[in-house]
Structures are given as structure tokens and as C-alpha cells.
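Enquirer: Listed below, chain by chain, are the residues.
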Amino acid sequence: MNWIKNAFGFIGRYFSLLVVAGVFVWSAASIALYRSQEAGENEIVIRLGHWQLEASVREGIDEMAKEYSELHARLHPGAPKITIKQDAIPEGTYGQWVGTQLMGGTAPDILQVGAQLPDNIWLSYYNRYFQPISRYAQAPNPYNATNELAQVPLRQTFKDGMKTAYVTEMQEYMSFPLSLFGVRIFYNKNLLKQLTGLDEAPLDYREFLAACEKIKSQVNPANGQAYIPIAGSAYHFAHWDSMMFSPVTYGCIRRGDLNRDAFVGNDETYVAFKTGALDFHYPPLACWLKMVREVTDEFQTGYTGLGRDEAVFLFAQQRAVFMTTGTWDARSLQEQAKGQFEVGIMDFPLPSADDPVYGKVVEGRIYESPGAGFRFAVTRSSQHFEEALDFLMFLSGKEGNEKLNKIIGWIPAIKGTEIDPLLKAFDPHLEGIYGAVSFTLGGNTSITWGQQYDLYKVNQVSFEDFAKNFTEYYIKNGRKDFIEQQKDWRRGMQRNEQYLAGIRARAILSDKAYRESADEGERERLAQERESAWVRYRAITYARQLWNEINHARDMKRIEQTELPEGWVGPYEYSDKVIARIRERLEKEAGAEVAPPPTPEEADEAVAGPAPGEESAPATEKPAKKAKKSSKKKAKKAAEAVEAPAEEPAE
Amino acid sequence: MKFFRAFLPLLLAAAILSGCGSSDSAASGGTVADRIDAAWQNYRLNEWSLALRDFESAIADTEPGGEDWAMCQYGIATTWAQRRPGEDPKKAREMYQELLAKAPRSAMAPWTELALARMIHLVPVGQDPDYPEVRKLYKAIEDKYPGHLAAKEAFMYRMSTLIASLEDGLMNEAAAELEKFVQGESQEFVGSSYSLLSVVYNMTGQQEKRLWAEENAFDKTEVDPADPSVEFAWAYWNLACISEFELGDFARARKYYNELMEKYPSDIRIHGCKSALKRMDDIEERIREDIRLGRPTARPETEKADADKPEA
Chain A
318 MNWIKNAFGF
328 IGRYFSLLVV
338 AGVFVWSAAS
348 IALYRSQEAG
358 ENEIVIRLGH
368 WQLEASVREG
378 IDEMAKEYSE
388 LHARLHPGAP
398 KITIKQDAIP
408 EGTYGQWVGT
418 QLMGGTAPDI
428 LQVGAQLPDN
438 IWLSYYNRYF
448 QPISRYAQAP
458 NPYNATNELA
468 QVPLRQTFKD
478 GMKTAYVTEM
488 QEYMSFPLSL
498 FGVRIFYNKN
508 LLKQLTGLDE
518 APLDYREFLA
528 ACEKIKSQVN
538 PANGQAYIPI
548 AGSAYHFAHW
558 DSMMFSPVTY
568 GCIRRGDLNR
578 DAFVGNDETY
588 VAFKTGALDF
598 HYPPLACWLK
608 MVREVTDEFQ
618 TGYTGLGRDE
628 AVFLFAQQRA
638 VFMTTGTWDA
648 RSLQEQAKGQ
658 FEVGIMDFPL
668 PSADDPVYGK
678 VVEGRIYESP
688 GAGFRFAVTR
698 SSQHFEEALD
708 FLMFLSGKEG
718 NEKLNKIIGW
728 IPAIKGTEID
738 PLLKAFDPHL
748 EGIYGAVSFT
758 LGGNTSITWG
768 QQYDLYKVNQ
778 VSFEDFAKNF
788 TEYYIKNGRK
798 DFIEQQKDWR
808 RGMQRNEQYL
818 AGIRARAILS
828 DKAYRESADE
838 GERERLAQER
848 ESAWVRYRAI
858 TYARQLWNEI
868 NHARDMKRIE
878 QTELPEGWVG
888 PYEYSDKVIA
898 RIRERLEKEA
908 GAEVAPPPTP
918 EEADEAVAGP
928 APGEESAPAT
938 EKPAKKAKKS
948 SKKKAKKAAE
958 AVEAPAEEPA
968 E
Chain B
119 MKFFRAFLPL
129 LLAAAILSGC
139 GSSDSAASGG
149 TVADRIDAAW
159 QNYRLNEWSL
169 ALRDFESAIA
179 DTEPGGEDWA
189 MCQYGIATTW
199 AQRRPGEDPK
209 KAREMYQELL
219 AKAPRSAMAP
229 WTELALARMI
239 HLVPVGQDPD
249 YPEVRKLYKA
259 IEDKYPGHLA
269 AKEAFMYRMS
279 TLIASLEDGL
289 MNEAAAELEK
299 FVQGESQEFV
309 GSSYSLLSVV
319 YNMTGQQEKR
329 LWAEENAFDK
339 TEVDPADPSV
349 EFAWAYWNLA
359 CISEFELGDF
369 ARARKYYNEL
379 MEKYPSDIRI
389 HGCKSALKRM
399 DDIEERIRED
409 IRLGRPTARP
419 ETEKADADKP
429 EA
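Line by line, the protein sequences are chains A and B.
According to the working numbering, numbering within the first sequence proceeds without interruption in unit steps and concludes at 968.
According to the working numbering, numbering within the second sequence proceeds without interruption in unit steps and concludes at 430.
A short, non-exhaustive set of chain B residues, derived as facing chain A with CB atoms under 8 Å:
1. V243
2. E271
3. L284
4. S310
5. W352
6. G366
7. P383
8. I386
9. I388
10. E402
11. R417
Listed next, the in silico BS3-like pairs over lysine-lysine satisfying Cα-Cα at most 30 Å (straight line):
12. B:K209 - A:K829
13. B:K381 - A:K741
14. B:K392 - A:K905
15. B:K220 - A:K829
16. B:K381 - A:K480
17. B:K381 - A:K732
18. B:K392 - A:K480
19. B:K338 - A:K829
20. B:K257 - A:K874
21. A:K905 - B:K373
22. A:K741 - A:K723
23. B:K373 - A:K480
24. A:K476 - B:K373
25. A:K476 - B:K392
26. B:K396 - A:K607
27. B:K257 - A:K829
28. A:K905 - B:K327
29. A:K741 - B:K392
30. B:K254 - A:K804
31. B:K208 - A:K804
Keep in mind the hints are simulated off the structure, nothing from the lab.
Keep in mind it's a predicted model, so treat the numbers as computed, not measured.
All residues carry an ideal CB built from backbone N, CA and C; glycine is no exception.
Next comes chain B alone, as it looks inside the complex (with noise of 0.2 Å):
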């Protein structure tokens, strides 16, 4: 037992010992800026503690209301909202509300009023958020701060759940402000009320001014040049597809999917798009024998695939 004694701190501190190392705990030195920096690139590697003791460090050596001192209570109040686990939504929300109060003019408050917005949207899992009152928090946004990215993606947002209702009139009313949107003189999210409008006329059998916006919505994607997986071989399909099955506008049908092969040859789609081609010289030859023998023509209603069912 004697040696047990002995022999057990000596254990213990090695085993202590082992587990000291080199980290990077150490708080980051140099300017406010510098540790703002530090504090958000924590916050994208998930680093929460470290964001905020960054954060913590920069906020102390600011003037409360001025623009870093925004800046800094919006990444704490950001850090405690999003980091998972141990989010504080609570205290998120006053920290946000803080900054409103102490610095309405910063630059930070219209991204703070959103991202308080953004709570009451995204509610856990199960529950449903309250949308009329979601719609009218971006619509205060979008009113208090017009021609600012908060406020346009706020629109962004009012839109998408007023699409994502399903209900005609929503709907229209979405479109309605959609199409004001893009006439308008914003150059963000253009491309993307488009889209929102494509599906709109979609949903409401409006097939011509989808492919009208699709076309635009393509025309103005705005592409990240980095990102590898951006890739329009999709838009391409879904233009032909809309082009040949909604409006039997084989021309457009054509060139699309003959771009798609150009620009994608490797496209998973090739094959669709070879079938494609060859459906409609198939159709319209058809189509042709029928006017020249003077007969009515009936829709095709099969496909190579319902071929003799095999004996399985």
C-alpha cells in the first residue's frame, strides 16, 4: 500500500503532464480590428469560446455606440444565437436589442433588426413559426432601411414564405411585388426574384411567363467564380424541358439542350438530353405524316421504357 501511495500522485501527474500541450488559447494580441477579425474567424471554425473571448476582448477596449463597438456586440450576440451547443437565444436577443438602442445608426443596426427577424422565423424544430408576424418584422425592415442589403434580403424572405404558402392569393400578391422588384433599380437578388416568380407562374399555370423568368432568372444568377459546384447544366435542362413539354417550343427546346451538351459534356444529362433531341424529330415526324395523310394526331402516350413488360 506503501508504494501504492507513492506511486499513484506520480501516475497522476504524468498522466497530467500528458495531456498539457501547445494550444492556441492564448488571446489574440494586436488592434480592435485585428481581434475582430481573429473573433469571426473563430466563429467560422466553430470556435465559440474563442469567438467570444476575442470578441470580449476587442468590445473593451471600444466606445460604446460607435462602429466597432456594434460590430463587436453584434458578433457576441451573433455567437451566442447560432453556437450550438450552448446556444443563449435570450441572451442573443437583448444583446441585439442593446446595440439597437445604443447605436440605431450604426452600420451594424440593420443587419442587428434581421437577424432579430431571423429568431422569430426560425423556430426549432416542430414548431411552426407565427408568419403574419415573420411578414410584418421584414416588412419594418424593409421600410426602415430601403435600398440596403438587410432590407432586400428581408423582401427576399417576406416572399419566400408568401410563395411557400401554396395559397393563390399569396401567391399573386408575391408576384405582384416580385415583378415590381425586378423592374426596379436594384442589382442585388435579381436573379433570385426571378426564380421566385418562375415558380409562382408555375404554380399557377402561367407556363409562358416562366420560361420568361427562368430565361431572366438564368440571365442574372449571380455565381460565386470559386465555387466549383456552380454549375448551370441544370438551368440549361430545365429551360429545355419547360420549353418542349409546357409550350412545345422546339426550337428553344433544341437550343438548350444543345448547349447544355456544349457546355457540359460530361453532364450527367447528356444522354437525357440525346433522348430529348431525338423525341421530338421522332414527334414531329410524325406529326408530319399525319398533315400529309390528312389524319388527326394523337398524343404519344408511351415511351421507350413501357416496352413489353419482361417476365420477371
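If we strip away everything but chain A, and leave its shape as in the complex, we get (with noise of 0.2 Å):
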């Protein structure tokens, strides 16, 4: 009995340092097995690693997988068996997961890329751990050969191009993007008929709301409290914020836009709050807010405690009628409330042209652009990337895509495929209006941002008090954060001066390969190749170093502004030269005789008034000139816009 006792002890001494031993062991052991498994004699298994845990999106890779290795069996009798195994990493641990197996050499073949971590994460792990697909995004697909895209080049056959997949940093194309997602509202059906009485949800924004005002007024018999119009939480709010809300602030590039380039950045924003050419009061922004606070009015209370699982459990659990959520969900919500409930999918509700409040500042839907997400590429450690290669190229072929994205239920990212049905509510605004306002000048002014935001989102702020206590915060700390953010832009220059000697390199060694090429075939390739390397070269050095330090100039200058100038016209107004111009060349055309401009005075007048009997000018143009005049500003005698330059775009 001794030696159990003497055994107890040891264990006892040495409990942690065996418990290390042990878990030592067992890792050893596992990756021995799961490594010795793998592959069988005459047999290929590549891996491919991703994070998407919907059992709809494992089911499809395999399904394809499947489909894939009897292909390539039929296709090359005689070569080794291809077999695809699939590694599903929690999203919460994918970025630590990869970074982990590519370093120690261990990474699948084919990874999921693109989020989970960084970006300059991703570009840093592009650059050492991933093989660029130029060369073949550049080459049809074989996979097309039997379709209309038979000749098209890889790249050409993807819904957008294949932005996605290009990192611009190494000027390669990485990664084949196999799917398209969207947000659009989910609603329950028949708990939308039984409190509403109506079959379908409605877009028009007044009777949205007015359903939701009349879902909440009905108690649920289940649980006797009121049901719930709309499932919140802050992960859902940025989904209503970014659809819904933020497009009404469009408008503002008429006031805000000063390099007219269509869109308001941090700096134009400030400088317009600072000259006053922006306030809360203007009816994109204010309109922005009350919509704000209109449609949160029907989530649940305390929503903006709540995460993504409590809002869909409301949802699954039929206390909500509606919630948003992206084509990622679609299908699990589906199979969710199979047996229980419909699922329809409607898009956001939009105030019509007549709304008193809306209409005449909502523009449209909002602007969707077509960018493929489920990226996936090629790792350098992988021992057969021909392999790995050709299965991503099956997955991108228009059949394959289409039969992938149909099994998980997502939008096929490949020209020509068909959408499952489910999905039209899906198909992207190819024209809209966009979100036109940037408080994020970083710092401080960031976190008051989202602070006030915050209670006005929840009712704790009035939206008088919101826009006062902001602005006087912004006005004030605004120029301080956004010098200390333009200190970056040195940084970037010296990156892109790293950058810049590489791609010079590459293109000293294309002139040098063809001079020294003495075959005639292969001295046009290489002269190809060389003129293609210096216009690179060029473009890159025009796009990121010549305007690095002129556009830093005109932003310090920009920020500095204090007042509107005199005579200042908004950036898509008409100054009065330009009218004087455009009244001259239309009295030619039409024959009249030539009336001599009207006179500054004159068209002070026309705007104050029209004389009896005379038409009155749009109402519409009212409240701008209040503006104006509220910003102290008399626009008189503009000769031109004083700040009006066009800025080459960033990067």
C-alpha cells in the first residue's frame, strides 16, 4: 500500500508540472493523429479553414467538395484523389487561430480572409503567408469553359470586378471572393397579420410606423407584456443607422461638400459646422435625428445594453415582429422558424415624395455597392496550391458559385447566376443616396461624439440639447484632434516611399531582363512586361506621393477657415457670374435681343420678392436664404466661389 500512498504524494508535489506534461502529450499526439489521417496512399487532402459556423455553409463546402473531387477524378484518371477537409473556427478565435498556424507553418491550404483581424494585419500576413492569383485573375476560368463566360477573364466574371480581392498595397490580386451580402429587415408573417391585419410589411415609412405603433399597443397573451415592433440592440441599430438614418444626411454635400468630390469628410464637416454653412438645424441633419429617434422609438427599451443573440432570440421567440439582419442570416432564421412562423424580407421603408417632414429631403434609397465578401486564398505553406488553386477556381466557376451559394443561401458573387428566391429583397440599389457627414475627427471629439449620440439615441437628450452641447464641444476641440490625426499623413508618405522602392526594383530588373534577352519572342513579352512595370511604377508615384503634401496644405489651410468668405455660394450652387453666363448664352440662342445682365441690386431684389404679378420663387428657397443670413453671411456679388477647388481623390 506503500506505493500508492508514495504515488498520491508525487502527484500531489508534482500536480501542475504533470498537468502540463499531460496536455503537452495529448497536443502532441492530437496534431500527430490529425496529421497522420490526412492523407491516404495516392491521395491529396487539402484543408481549408474559415469561420462561418452556419451548418448551411458547412454542408455547402462539403457538398461542393464532394462534387469537386469526383470531378477531378473523372477529369484526370489516374492522378491522386483530391479530398477537401474543412476546419470551422469560431470567429471569436479565428484571428488568434490563423495567426498562430501561419507563423508556426501549420495553416490549411486555403484560409478565409479579409476580417476577424486588422487590416494591416491582413496585409502584413498577405504579404509573407499568402500566393498572389494575378496571373490567374487575369486568365478565363477554366471552370467557365462551357458557359458565356468561357473567354472572360477570371477577374471580369465577378459582380464587382474583384475590388475585393485586390490589395492594392502589393498590387496583387490575393484572395477569389465567393458571395455578396446585404442588410434588409426580417419580420414574422403571420404575427404581422394577426396584430396588424396586413399580408405584407409596408415600405412606405408613415405606415411602417404606423404598424408599430399598433403591434405595440397589443399585450402578448404568453408573457401579458406588450410585443415588440422591432428587435434592437447595438449591433442592429448600426444596421438601421447605416441603411435608414444616415443616407437623410445626403443633402449636406450641398453645404458641406467644398472640394466637390460628392462626399462631406471629417475636415469639410468641421469646417462647415465652424462657418457656420452647417448646424443641426439644416433639414438633412435634423431630419437625420428625428428619424433617429422615431424608429428606435419601437425598439425594446434598454436596447442599446443588448447584443446581437438577445435581439434574435425576441425575434425566434415571436415577441418581435420585426429585425434586421444580412443575407448571412437568412437561412438559419429560416430553418429558425420553420414549423412556427413565415419569415418575410422586406427593404427599409421610405418617406414618400409628399411626406411633410421627409419628402422633400429623402432623396431615395440608399447606394449599395457590390462588393464580394467569403474570401478565401491560398497559403504558401500549402504543398499543393495547383490544387487548392484549381478547387477555389471550381468554386468561382458560374455553376459551382451559383450551386454553393444556393445550398448556403447566399447571393452568388459570379456574373449570369441565378438568386434564390428568397434573396430578391437582397438585389444591391445600384442608385442611391449615401450617408454624407463625418464627426469623427478622432480624439475627443470621437468620444463626445459617442457619447451624445448615445443619449440622444435613448432619449436622455433632448435634440436641442444634443445639438448644442455637441456643437460647442466640436467647434471648440474639433481643430485640436484633427492636427493631431493629420500627423499620419508624414507616416504615410514614408510607407509609401517603402512601398514605392520595391515596385522601382521590379521594374530596373524588367528593363535589365530585356535588354539582356537575346530571343526575339521573348524580348516582346519582357518589353511588355517592362512597359507595364515603369506605368505602374509612375501611376503609383503620381497617386501617392505628389499629392500627399499638397492636399496636407490645402486641409491645414482648410481647417483654419473661420467664416464663410464673402460671397460665398454653396459648392453645388450657381454664383452669379456663372447665371449672368448662362442667361447670356440662352438669349443667343433663343434670338432675343441681348438684355444686358442683371445687375447685382436686380437680383437681390428677385430673391427678396417677386414684384405683383410676377411668379413666386419655390418656396423651397426660403429657409436657405434664413440660413444664410443666420450665418451673417450676404451673398452678394459673388464673382466666384471663393473655395471651390477639386482635390485629387485619397488613395
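If you follow the hints, you should be able to join the two separate chains into one complex; please do so.
Expert: Given below as C-alpha cells:
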């Protein structure tokens, strides 16, 4: 019995050490066993890692892998059998897992890329651990050989032109994006009918709010509490904000887009506020905030403190009628609702053109850019690059991509593919409006914005107080935060310089290869390569290094502006000089007697009010005039807009 | 304790062994050219140590002062100048200077001089470069290597510093030089020069000339055909806006708005284009009515967004 006692004593003394040793042995054995099981004789195993735990995704990949394996066996008899195995890793740990696998040289052949880690980390990973696929992106996909895309280069077979796969910093295509995504409102059709009598969810904003009110007024017999019109959370608010609320600010470009590039940058927003060109009473901003309040009043109480799952729970339990989510949840929500209720998908409601509040401000639906996600890249450590690449080509072929997405319930990324009828509502709006202001100057300004906006969302602060509190802080402290943010521009130039040196060397070496080649045919190819390398070098030099200094100087000049210059007109308004010019042309065209252009006084008179018997100016003009007066600047004798410099686009 | 002493080395050995794996750390073999290629490839992958290893392995097999030597020397110096972290600008500068001393006529000499000038120009964050000195260095490269791409690049940098001063005198000086440059025989950086010219014309209120420069810049822009992010929707928009708001040239504005819609039907600015076309129709209609009634035309100060303030 002594030995038992000794054994317990030993375990007690070295318990922690034994645990560590045990875990180590177990890990080593697991890895060894996993690897040994991977490939049989005359078999190639391609491993694929991703973070999509949805059952339909795993099912889709398995199904396509099986199909690919069979196809490969048919097309290449005698070649090793190909087996695809997937590692589905939870989102929360995917970033760390990828890093560990890549650095340890044990990464799967194919990895899902582009999220779960910051962009700069992905960039360094692409650089070191992934194979560029540019060469293949320029050639047709062999899996399209029998369809209308047979002669089309791979990149042009994608609905988004493979934009999301291109890494500008590397000038290389790195991944295959396999699906498109979108966000819409899902609703419980049965509950909607039961509570409002409606068969379909209303797309008109006012009717939607009325339906919400009706829902809210009824008690759920299951728990004795009122039904919740919209299941919300911090996660879901972001959907509503980006898809429905922010686009209301589009009209701000008419006051704040000082460089007329169709956007209002954070510096422009700041200057527009500082000079009085914009304030929160400007209709697009006031309407935006009004809409935020109106819609979030239909969320359940305390939604800002809740996470995604809690809202989904309310929806699945039939306690809430509406909930936003994306294509990624479409299939699983349907599965959850099966046998209980029917899921409908609707677009975000829109105010009608004659809406008394929003009609003149909301100009249309949000613009949605067709950017593809669910991207996969081949790792450098893969022993089977050709096979891994071929599998991704198969998934990017028209038929393969359609089938994969049909199984998963997502939108295919390839042109000419059929969309699942359930997802028709996700068709992107390729024409529309978009959010046009940015209050994020960085530092404390951004923090204050977040705090004030949060308070406003939950009705803890009134519109007037929100507008006053934030504007005061913003105008007083924004400059400091902007200057701090601007320090990055020189750092950016240094990064560009590092990058350009590599591109330049490639061009110089291609010059050398061309000079030294004796083969005529080869020389032709090398001449093209050389030309392309230098064009690329000059294009990047121009886009990245020449403009930074000039744009920075102009930004700094603009940010110091404290008032609107004399004769200022909005960026999308005509100056008196331009009006006179148009009139002169029209008079000539009409063959009318050329009258002298109106004097500024005449112009002012005309704006102040029509002469008796004349037609009234459109009613919409009056508030703007008031707004201008409130900025204490009389827009007289405008020769030209003082600030209307179009700048080169940022990289 | 006896067990612990016996077990610890075992654990350590296991831990060390588990960290061992295959790596590509073996020096690249092959010709000097192969090693230079591999070195630049490593440079582009930010594998600084591997790049240095390959450059140094290649330079050992070259004749000092020769073209290959100069390329290796340039590569090593550039790696020391650009690597982050671990940069050594002093060492880089000395190596560049050694290159110029030993291979003053090599193909890498102009690029080396440009690299030295760039080191003076790109000062650390928080500092300002000595612009007159930087311009002098760029000008020296232009004079020493006329027609060489490095000289043209130096010229472009010099122009950008003149324009970034936002001082009328310096901007006009740049305009004069750029106007001469675009009339010259150079095929490179011509589009960029027109683009810089348009900035000067805009800042100095010469809108007709600005449009002319922008149109030329657009015509002569060099494009990397492989880059899917290259698109010209922005350029069409810019040309249309200048035509519409600065010159009142609606025919040209319509042409550019329409071209944008035709060539980039899913661009974010499509709604803006349609609004612009309607805006121009409306103002023309209104002015025609004014002409018909013989009354002056007032500037419409407002847009749709200036609707009645909602009760918020």
C-alpha cells in the first residue's frame, strides 16, 4: 500500500507540472494523429479554414468538395484523389488561430481572409503567408469553359470586378470572393398579420411607423407584456443607422462638400460647422436625428445594452415582429422559424415624396456597392498550391458558385448566376443616396460624439441639448483633434516610399531582363512586361507621393477657416457670374435681344420677393436664405466661389 | 525534486524541438541575378533580414563598381533606409554615397541621387523639411540627368513642394515650369503635370485654364491595366462640376455627367449625376422664362435639401 501512498504524494507534489506535461503530450499526439489521418495513399488532402459556423456553410462546402473530388477523378483518371477537409473555427478565436497556424507553418492550404483581424495585420499576412493569384485573375476560369464567360478573364466574371480581392498595397489579387452580402429587414409574417391585419410589411415610412404603433399597443398573452415592433440591439442599431438614418444626411453635400468630390469629409464637416454653413438644424441633419428617434422608439427598452443574440432571441420567440439582419442569417432564421412562423424579408421603409417632414430631404434609397465577401486565399505553406487553386476556381465558376450559394443561402458573386428567390429582396440598389457627414475627427471629439449620440438615441437628451452640447465641444476642440490626426500624413508618405522602392526595383529589373534577352519572342513579352512595370510605378508615384503634400497643405488651410468668405455660394449652387453667363448663352440661343445681365441689386430684389404680378419663387428657397442670413454673410456680388477646389481623390 | 530535475530538461527539449520547423531561411542559391531577384522579392515582403542576406550574398560575387554591384549596393542601402523597425539612415546614406563614388556612371546612379534627396525631403513625423534645400537637390538631379526618369520624378517632387507652399509666387513659378514641361517631348509624368497645373489654376482662380488642364490630365493619365481600383468616375464628375459650376458650360457638363453614367452605371455618384442634369434643366427653364418676361434672373440660393425645417 506504500506505493499507492507514494504515488499520491508524488502527484500532489508535481500536480501542476504533470498537468502541463499531460497537455503537451495530448497536443502532440492529437496533431500527429490528425496529420497521419489526413492523406491516404495516392490521395491529396486540401484543408480549408474558415469562421462560418452556420450549418449551411459547412454543408455547402462539403457538398461542393465532394462534387469537385468526383469531377477531378473523372477529368484526371490515375491522378491522386483529392479530398477537401474543412476546419470551421469560431469567429472569436479565428484571428488568433490564423496567426498561430501561419506563423507555425501549419496553416491549412486555403484560408478565409479579410476579417476578424485588423486590415494592417491581414496586409502583413498576405505579404508573408499567401500566394498572389494575379496571374490567374487575368486569364479565363477553366470552369467557365462551357458557358458565356468562357473567354472572360476571371476577374471580370465577378459582379464586383474582384475589387475586394485586390490588395492595392501589393498590387496583387490575393483571394477569391465567393458571395455577396446585404442587409434587410426580416419580419414575422404571421405575427404581422395577426397584430396589424397586413399581409405584407409596409414599405412606406409612415405606414411602417403606424404598423409599429399598432403592434406596440397589443399585449402578448404568453407573457402579459406588449409586443415589440422591432427587435433591436447595439448591433442592430448599426444596420438601421447605416441603411436608413445616415443616408438622410445626403443633402449636406450641398453645404459641406467644399471640394466637390461628392462626399463631405471629416475636415469639411468641421469647417462647415465652424463657418456656419452647416448646423444640426439644417434639414438633412435635423431629419436624420428625428428619424433616429422615431424608429428607435419602436425598439424594445434598453436595446443599446443588448447584444445581437438577445435581439434574435426576441424575434425567434415571436415577441418582436421586425429585425434587421443580413444574407448571412437568412437561411438559419428560416430554419429556426420552420413550423412556427413564416419569415418575410423587406427593404427599409422610405418616406414618400409628399411626406411633410422628409419628403423634400430624402431623395431615394441608399446606394449599395456590390462588394463581395466570403473570400478565400491559398497559403504559401500549402504543399498543393495547384490543387487548392483549382478548387477555388471551381467554386468561382458560374455553376459552382451558383450551387454553393444556393446551398448556403447567400448571393452568388459571379455574373449571370441565379439568386435564390428568398434573397431577391437583397438585390443591391445601384443608384441612391448615402451618408454625407463625418463627425469623427479622432481623439476626444470622436468620444464626445459617441457619448452624445448614445444619449440622444435613448432619449436621455433632447434634440436641442444634443445639438448645443456637441456643437460647442466640436467647434472648440475639433481643430486640435484634426491636427493630431493629420500627423499621420507624413508617416503615410514614408510607408509609400518603402513600397515604391520595391515597385521601382521590379521595373528596373524588368528593363535589365529585356536588354539582356536575345530571343526575339521573349523580348516582345519582356518589352510588354517592362512597359507595364514602369507604367505601374509612375501611376503609383503620381497617386501616392505627389498629392500628399499638396492635399495636406490645403487641408490645413481649410481647417483654419473661421467664416464663410464674402460672396460664398454653396458648392452645388451657381454664382451670379455663372448665372449671367448661362443667361447670355440662352439669350443668344433664343435669338432674343441681348439684355444686359442683371445687376447684383436686381438679383437681390428678385431673391427678396417677386414683383407684383410675377410668379413666386419656389417655397423651398426661403429657409436657405434664412440659413445664410443666420451665418451673417450676405451672398452678394458673387464673382466666384472662393473655395471650390476639386482635389485629387485620396488613394 | 529528483524527478523534477530529470523531467525539466525533457520538457525543455520538447519545447525547443516543437519550435523547430522547416523554414526558408536557407540562403538562395543561383546566379547573382537570381539572388538579386530573390532579395527584392524579400524586400517587397518586408522580410528585411532575408533581403539583406540575399543582397550581401550576391554582392560578394560581383565586381565593385559594376552594374550588378551597384544594384546590390543600392538594394542594401535601400533596405537600411526603408526597413521598419531597425532602419539605419546613416548607414544607408553612406552606402548610397559609396555607390556614387565607385559607380558614378552606373544605371543606379540617378536613382541613388534621388534616394538621397528623398531622405532629406521625408523627415520624421513632427518635423518640417528644409524646402529650399530639398528643391535644390531635386533641381541638381534634373540638371545632371536630363531626360532620365529619375530626373523627371525629381522635377515632379520639386513642383509639388512649390505648389504645396500655397504662395502665389511659388505656385506661378511652378505653373510656368509645368507649362513648359507639358509642351516638351517627355512621355512620362505628362498627365501628372497637367494635374498639378490644374491645382495652380484653381488656386489662382483661372477656371478656364483649370478645365483645360484637367481635360489634358485625364487624356494623358497613365493607367495600370491590372488594377481594378482604377476608375475614372471621379474624373468625369470633376470635369462635369468644373464645367457646370465654374464655367456655366452646361453642354460640356452634360457630356461628362452622361459619360459617367454610361461608363460607370453602378457608381455611387449616379444619383448626383441625375440630380445635376435636372438642376441644369431647371435653371435653364427658369432663365428662359425670365428672358421671356424680360426680368432679371436671381441666383437660386437653395437646393432641395433646404426644405422647410422639420420639427425635430
